[in-house]
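Using the sequences plus the hints, can you model the full thing?
Top line first, the protein sequences correspond to chains X and R. Sequence positions in the first sequence follow the numbering used here and run 1 to 114. Sequence positions in the second sequence follow the numbering used here and run 1 to 114.
These aren't lab readings, by the way, just hints derived from the structure by calculation.
Covered by chain R, according to a simulated footprint, are these stretches of chain X (three or more residues, beta-carbon under 8 Å): (1) 13-23; (2) 26-38; (3) 90-104.
Think of the CB as a built atom: it goes at the ideal place given N, C-alpha and C, for glycine as much as any other residue.
2 protein chains.
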Amino acid sequence: MYSSELIKGTLKTIILNLLKEGDKMYGYEITQKVKELTSDKIQITEGALYPTLHALEKQGDVITETVYIGKRVRKYYILTDQGKSTVLERVNELADFMKTMRFLLGIDNPILNV
Amino acid sequence: MYSSELIKGTLKTIILNLLKEGDKMYGYEITQKVKELTSDKIQITEGALYPTLHALEKQGDVITETVYIGKRVRKYYILTDQGKSTVLERVNELADFMKTMRFLLGIDNPILNV
DNA sequence: TTTAATACATAAGAATATTATGTATAAATT
DNA sequence: AATTTATACATAATATTCTTATGTATTAAA
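Spelled out as structure tokens, the structure:
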């Protein structure tokens with residue numbers, strides 16, 4: 001687990017990128033997928049997840065689709081066209097930022113210790 | 001310039017790392033050095049800088065040394081032994097986090113586009 | 001002489017997370 | 001059969017960390 005400060009500011013990017021990769025996803029599924037892909041290193045809490053999803057919907061990057069699994073509700077999130085371009089921007093910006101940070105902190109190129 | 005969310009959580013690491021690299025530094029000097037090293041991509045604002053420096057002092061990672069240049073005050077920050085081990089932890093954690101993020105977001109190894 | 005650069009500091013406000021709490025269904029364990 | 005865990009949503013109180021604004025003051029440059 002990483003100290004919480006690090007994750008700050010990357011949550012929207014993580015969520016949008018997951019929606020780009022696969023199909024529609026629902027909130028709980030997103031938390032589990034991130035947990036799995038990062039070997040439990042990043043665990044998105046519900047208090048962070050849902051407000052972020054609502055914000056993404058409000059700003060037009062995703063639309064929702066509510067489905068009932070038996071009696072239980074499930075809310076799928078789907079990337080809009082606007083969302084697709086937002087992902088590209090966000091991921092590129094983060095990649096650039098990480099490159100800058102590696103230089104600034106003198107972190108060796110990761111090819112050496114993958 | 002990066003969107004402000006990204007820098008969040010990395011400021012302490014940046015400052016501590018600069019103090020590790022060189023000698024003692026003062027606040028304004030730190031902002032200028034970061035600005036220069038990142039080609040203006042990261043500009044630390046004063047409202048973020050000074051409270052962070054005070055926090056680092058409070059938690060024992062740095063000590064200060066006040067010097068007068070003519071009539072103008074200058075406050076130098078020096079890494080303590082505790083601070084030296086904090087830097088190592090922080091930088092390692094950030095390096096690990098960035099590796100995880102590259103994997104999670106499918107960002108190619110930067111050796112390909114340095 | 002006025003503006004820009006240097007150099008510190010704090011306060012109000014915004015953004016984004018954590019922790020806690022709440023509701024409810026479905027599956028697994030005791 | 002009863003209890004716990006997992007699934008699935010949501011919001012409120014709080015904490016952290018930043019931006020933006022404001023304040024003070026000296027020194028250098030236009």
